[in-house]
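Q: Top line first, the protein sequences correspond to chains R, G, Y, U, S and D. So the first sequence is numbered by our numbering: it starts at 78 and just counts up by one. So the second sequence is numbered by our numbering: it starts at 78 and just counts up by one. So the third sequence is numbered by our numbering: it starts at 78 and just counts up by one. So the fourth sequence is numbered by our numbering: it starts at 78 and just counts up by one. So the fifth sequence is numbered by our numbering: it starts at 78 and just counts up by one. So the sixth sequence is numbered by our numbering: it starts at 78 and just counts up by one.
Be aware that one or more of the hints could be misleading.
Derived lysine-lysine pairs resembling BS3-like cross-links, with alpha carbons at most 25 Å apart [as the list claims (entries may be wrong)]:
| no. | chain 1 | residue 1 | chain 2 | residue 2 |
| --- | --- | --- | --- | --- |
| 1 | S | Lys241 | Y | Lys192 |
| 2 | U | Lys131 | U | Lys227 |
| 3 | S | Lys181 | G | Lys192 |
| 4 | D | Lys192 | R | Lys318 |
Covered stretches of chain R (in silico footprint by chain Y; criterion: 3 or more residues with CB under 8 Å from a CB of chain Y, positions within the stretch not fixed) [said to hold, decoys possible]:
| no. | segment |
| --- | --- |
| 5 | 78–90 |
| 6 | 295–307 |
| 7 | 337–348 |
It is worth saying that the hints were derived from the structure and are not from the lab. A virtual CB, placed ideally from N, CA and C, is assigned to each residue, including glycine.
Residue-level listing of the chains:
Number of protein chains: 6
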Amino acid sequence: MARIIGSSIPNLPWEEKPENFRYPVWRYSGNPIITRDNLYGANSIFNSAVVPFKGGFAGVFRVDNISRDHTLVVGFSDDAINWKLEEKVIFKGFDPRVCEIDGKYYLSWVNLRPKGTTIGLAVTTDFMEWEQLEDACYPVARNGVLFPRKIGDEYVLLIRPCDKGHTPYGDIFLSHSKDLTYWGKHRFVMSPVKNWESTKVGAGPTPIETDEGWLMFYHGVLTSCNGFTYSMGAAILDLEKPWIVKHRADCFLLSPQEIYEYVGDVPNVVFPCAALADSDTGRIAIYYGGADTVVALAFTTVDEVVSFVKEHDLLGDK
Amino acid sequence: MARIIGSSIPNLPWEEKPENFRYPVWRYSGNPIITRDNLYGANSIFNSAVVPFKGGFAGVFRVDNISRDHTLVVGFSDDAINWKLEEKVIFKGFDPRVCEIDGKYYLSWVNLRPKGTTIGLAVTTDFMEWEQLEDACYPVARNGVLFPRKIGDEYVLLIRPCDKGHTPYGDIFLSHSKDLTYWGKHRFVMSPVKNWESTKVGAGPTPIETDEGWLMFYHGVLTSCNGFTYSMGAAILDLEKPWIVKHRADCFLLSPQEIYEYVGDVPNVVFPCAALADSDTGRIAIYYGGADTVVALAFTTVDEVVSFVKEHDLLGDK
Amino acid sequence: MARIIGSSIPNLPWEEKPENFRYPVWRYSGNPIITRDNLYGANSIFNSAVVPFKGGFAGVFRVDNISRDHTLVVGFSDDAINWKLEEKVIFKGFDPRVCEIDGKYYLSWVNLRPKGTTIGLAVTTDFMEWEQLEDACYPVARNGVLFPRKIGDEYVLLIRPCDKGHTPYGDIFLSHSKDLTYWGKHRFVMSPVKNWESTKVGAGPTPIETDEGWLMFYHGVLTSCNGFTYSMGAAILDLEKPWIVKHRADCFLLSPQEIYEYVGDVPNVVFPCAALADSDTGRIAIYYGGADTVVALAFTTVDEVVSFVKEHDLLGDK
Amino acid sequence: MARIIGSSIPNLPWEEKPENFRYPVWRYSGNPIITRDNLYGANSIFNSAVVPFKGGFAGVFRVDNISRDHTLVVGFSDDAINWKLEEKVIFKGFDPRVCEIDGKYYLSWVNLRPKGTTIGLAVTTDFMEWEQLEDACYPVARNGVLFPRKIGDEYVLLIRPCDKGHTPYGDIFLSHSKDLTYWGKHRFVMSPVKNWESTKVGAGPTPIETDEGWLMFYHGVLTSCNGFTYSMGAAILDLEKPWIVKHRADCFLLSPQEIYEYVGDVPNVVFPCAALADSDTGRIAIYYGGADTVVALAFTTVDEVVSFVKEHDLLGDK
Amino acid sequence: MARIIGSSIPNLPWEEKPENFRYPVWRYSGNPIITRDNLYGANSIFNSAVVPFKGGFAGVFRVDNISRDHTLVVGFSDDAINWKLEEKVIFKGFDPRVCEIDGKYYLSWVNLRPKGTTIGLAVTTDFMEWEQLEDACYPVARNGVLFPRKIGDEYVLLIRPCDKGHTPYGDIFLSHSKDLTYWGKHRFVMSPVKNWESTKVGAGPTPIETDEGWLMFYHGVLTSCNGFTYSMGAAILDLEKPWIVKHRADCFLLSPQEIYEYVGDVPNVVFPCAALADSDTGRIAIYYGGADTVVALAFTTVDEVVSFVKEHDLLGDK
Amino acid sequence: MARIIGSSIPNLPWEEKPENFRYPVWRYSGNPIITRDNLYGANSIFNSAVVPFKGGFAGVFRVDNISRDHTLVVGFSDDAINWKLEEKVIFKGFDPRVCEIDGKYYLSWVNLRPKGTTIGLAVTTDFMEWEQLEDACYPVARNGVLFPRKIGDEYVLLIRPCDKGHTPYGDIFLSHSKDLTYWGKHRFVMSPVKNWESTKVGAGPTPIETDEGWLMFYHGVLTSCNGFTYSMGAAILDLEKPWIVKHRADCFLLSPQEIYEYVGDVPNVVFPCAALADSDTGRIAIYYGGADTVVALAFTTVDEVVSFVKEHDLLGDK
């Protein structure tokens, strides 16, 4: 049985799997958990990142305001379901990911620069004061996701280079750094393979360390005649050489099927940006954006998801 | 009064037209009749084909699985509304049409070949064992629909050539064959004319023989600023020279208006692939895909639809 | 406090702002007020124009019929909410605006010409007999909106030049005319600036004269990976030199958030074409198309909207 | 025999037609007559306009400088072949046309405005002092060409609306004005018909009045897999209703065939902007740009060209 | 040593290989052999087909006239270098191929149909009277090339399906027919592999039978930032199963390098449509279009070319 | 007077400026200096890099072979004009730059990786043995150019991120590294501003150190209706903070004007990749690709070019 390596989160939000439900990931019945009504001046709140913080939870939230500017704000919660968002914008940009490394909280996000987006990096200990680091790259890139610990003596960052528009391609790479300032030893991780992700793939939540490898949820994009459809897949990366994909599901684990995923500012989007994982129970709570409009929540366990990925292993197809 | 030429289907599914409803085609109140819940592992079930079979009904169903692979499976039903689908994939591909010719059941579908889609052909007598024939064409084509009997001494196949993407054009042609292996005498049938179908048109269900000509339902596609919209139209083709269009409605007969047509994997799609027609009553049950996600059912009678087409005759506009 | 300059409309439709609602424009609870069911043969009724007329209200309505032809029909109403539409098509084309100047009613609309759309102009006194004037331009243009009085001794027309497709740009210009036949002294008014309108902008209802300037509602378009999103903004133009923008909100005032705005023939569209403004109370009722399918109604007051625009003044950002 | 209506130009540049040459338009053996060497700082000099002036000739020349800015400068010549260009830029923009009306010289050109090109208008009596008039339109348009006299009591301007890029369409329209400020009564003149011009057409030199009608040389554009090819055609317009095309050659009269037309900044361009026509002899000298790099000269006679157009009359094909 | 299977052509045009020239195909020093000057009214003459005929040579020539209409005319020659072209258009269309089968001459070409191009077929015995057969396909296709004898009891046709524009893809397929009317058993032959042909490939001259297999010259297209570049490659197909590629050069054998290939109506085009092969000497004369403007000639021998293909065998790379 | 900081190159190739020539950069009269004839199997040789080496010169040359594969080979020369190229391919890829830092020769080039191009880095002391370093970035980038010395204690690399096609944008950035493995502190340097470079800009030769700053030649790209035109510009960067542009010419210094620049595999390309600069005389020899087909040579002096840049200073326009 697969096991999560990491801290316990006894107050991880949870709801049992519906009876007779046969897939490994199930939605929270109270979805969406965050909407534009959570903050005055918000057009939409989605694609957001949460972590355990001081016995409760903190998060960085993508708030597109009524100018459709992309901003990041901080929020706090006791139960990781009901969130109180701050009004103050901490950074311009979108699609934040947050992870704790050695007691500090690192934020990576899609930073808006005049010549295109980069991966912004910042660090905090209290979610109030933030120190902005050097951008991890020049434009244009998205989906920068840090691993939650150094591997060897290096920080590792998943990243998806892109173009200046609605990029029709996208592969996951990773870069190494000794100091979060200079990055190198770039490695290819994975490309789109199956139909459901055939346009592009990009890393999602901070990878979850398990005894089987890094569990990486990611989004894959399919292009229909009416635009992009974003779904969530999963892969397991080698613990020490994380650019080696050990297993990878040949199918999505979550795709737009509910009205708050089908309908909204961008129809047909399921976009995961964070996951809470409890090492005691193996429970995982996944936070994802719905239709670029709301934040929703889904559940799985490390064992269900690892079993499912290995059972539907794309690499076994070869 | 128009009359269907063909067999009787006493157990054809049916629901009377709603009172005060003034259009010739009306939806089944229990729509959608098939959803992803009908088969484990299905992302969506839509654009499917049914025929009377041994006193009940059989069909070939488009099942896009959770990899978004396109597959065809067989299903059976007593009432043509509640369907039991088999798990076994009979062919890769999509958008099946089925027709009976001389006691055999012929399947034509969009066959996936490495260099693009072709029209695959296969034949069965029991829906269990299938013999695959030569593809009817080289890539790229879609919407291959056989007429339900030889015309003269030749099989006739409606077909819509296309390109390798979300083709922005599409005309209906037909080809002749003496043996279902070699095809020739290709004839142009029809092009988009009116706004509702201005991007492309493609044949839908197996044409229905009537004393007025072949009743051909087809789909037409309009391109809005948000992508394609698929609706259903109807035309009447000459019985002996089916490339001659005798009448053609200048408007759609069914377009996306219900939530299961507006919302789904591909918003705004009504895509007919099969029709059951009872020669005793003139009743017609049309099976169509909704939003590339579900199978839905609509009704008309040969008389209503032929009258409507002649009343709104595009060719009378000339 | 801002004040409307113009006639009183004591029977202007009205509904109080919901409690705790903090934005300046709120929707009518009975939305949508007009659907395809209002007229046999209509596929959709939207983007329409209304004016006070003989103690009640008259309007010109965009009806796309079931061929998806674009037509204009006349309608009448006592309360400006329940409308009776005539079957007769007065002109081919779409997106009408109507205004009264010196006791005559002028219609401007997107006129369909063989080589692209122009701004058609017509005049009536009774909404029954229409005199068509010269088109205000050669192809291709849209969103031609007359000011409701001469400025100096000239008629003034807002206009948005475009290309022959789903134009990816759009700026608002205006032209002057002494006789509604010859137009010149073309002036640039405004371009897209903020994200919510970053693809293009176009004038909406007939501008409303206020003591602060002309209140111009307009639509702005954002391009997501799934197509265009239309929202409504507002600006205040100089009374005598209306090409000078005095204030302009840096955000939308209304954007697609309700199911009838998110879902329909063209998802995610809020498109205002008319507004009734009562000089006695300062109340304003805005008529807008929802998802290119229905007509909906929203409310504000001149004071709320002018205050909001000045508070969120884009020009103050400079 | 066709006859030019207009003044005599005894010093019109001329070279006899080469023996055995069977087409109606022949090139000057000294081509190109103007190159970048004519002016320091010029990247290219092309698409320029000349008129008889004070016994010699004056012109307005398109000079793209080494920043590739588009500028207009004035030049003078005794023989209309050897030109002396002034350094001073009179206007920003390109593709000038010049004509004399009632003793004044009018310049129309593609004027650079922040939101796209318009048709600029200016007037001079001496080619030194220029008075700029109102632009004849809002953006985006090109190829504005005035008729050399009022028709009725109105000025008439040929114009080709376009989009903001390398427009893939283009039709010739015309507008009327009583005062060169306000324009209206826009009329469609002609569209692409034959392959050689199948992408777009635009007016060239000032139309030449003949007893058969206005002789209008124009450019037509074909799109090959390697871009646009510009050639020159000819049509004859009704003298009093110049939007009526009386005759139109179904073929080009001049197309890129010489190295200075095939090779340069934009390969494969023949672009006529001016013509001198001598009513005494019927001789016509056509000035055209070669490959967007140089000015070249070609000859014909009114009789040859009118005969050729009538012989190859596209309208006779109907 | 490779050997041609076929008739002898003692008067095959020939020029020895230049000294020190190390590539297998060399140009005729008198190139181009046919230009627009060969026929009044021609804009360009290129991409043409020749065969031995009654001791001399006959051919079908692509003549784009000065309307840029695509036409085919017949020509005759004693030496296969100096050609006399007929004025009469035998068919509309382009890119002809001619081959003799059992004493009759078959023409295949890109036939212009209202809905796109097809492969036209016609037969003659004297190049004066032509019988047109059924088109070999519905639109859209190009590059239909017949093998010069039946294989088994079937005619075989190489063909390249395409879209309606400047198609960005292209694979070679072949079809079988017993009667030149009905075609089937479509087989994939080859796709682009190397950079020089990375956009698309299409068959060129009638394949030449050799003891090593069918020698097929073909064109390959590369897309630079300035459009398409057409070069010539070669492959050897199995004699009995011609869809099996036995050898294929990994490089071009001829590419645009001379001014008449670099410069013309479509820059950078070498497009072979015919080859004469003498079984006595093994000499081969290849006719190809230069820059879509002229006909040029190049030479090789069966031994040189077969050796070269095997030496640079793409299939050996695997 | 501007002065080159660096070593002397007494045998720098040189030709005096033609009399009366008024621009700062002039071509070598023997151009092109390298063609496909320099190496058997080459389709084209262009965009290449040279440096002084052991009293003579060495270089790395882009050789596209007859498969149109992109390869790099080494060459040597005594006079820097007549080159002997090695057959051995040292790396796959294109557009090499070479510079000496501390006695070693560093090569940066556009490295071909499965998911797009990166900047490859390699080092040699003898041009025979090469050590490949880590790529400087993940895909997709081009135009990686090292500065010829550390600035502070960091290597600095100019770079132009791009997309996977013929990228329609391009800005120059630079990155810092302490070890040539990890890169960071990415800084924006410059974007297209003027028409001649309006599509994109990219660094050219290794920057030349002068007492005025780093002299950076770069290429700028304009998009005409027939594709891209590449010209050469120049800017002067701050010596210590090289992302600060001190001066920048508002015009090109060299653009396609000669037949070997206008005509070839990619028409209209001047693409500089290397420059030799002699500190004794201030003479500079610039090596550039012509039409993606040949290598050509041009001359200037540090004083002429610095004066010209300052005289035409774009930044002075502000």
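Q: Run every hint past the structure and note whether it holds.
A: Hint check results:
1. Lys241(S) / Lys192(Y): Holds, at about 22 Å.
2. Lys131(U) / Lys227(U): 23 Å, holds
3. Lys181(S) / Lys192(G): 34 Å, violated
4. Lys192(D) / Lys318(R): 19 Å, holds
5. 78–90: Per the Cβ count (0), the hint is violated.
6. 295–307: It holds, with 3 qualifying residues against the three required.
7. 337–348: Our answer is that it holds, as 6 residues pass the Cβ test (under 8 Å) against chain Y, meeting three.
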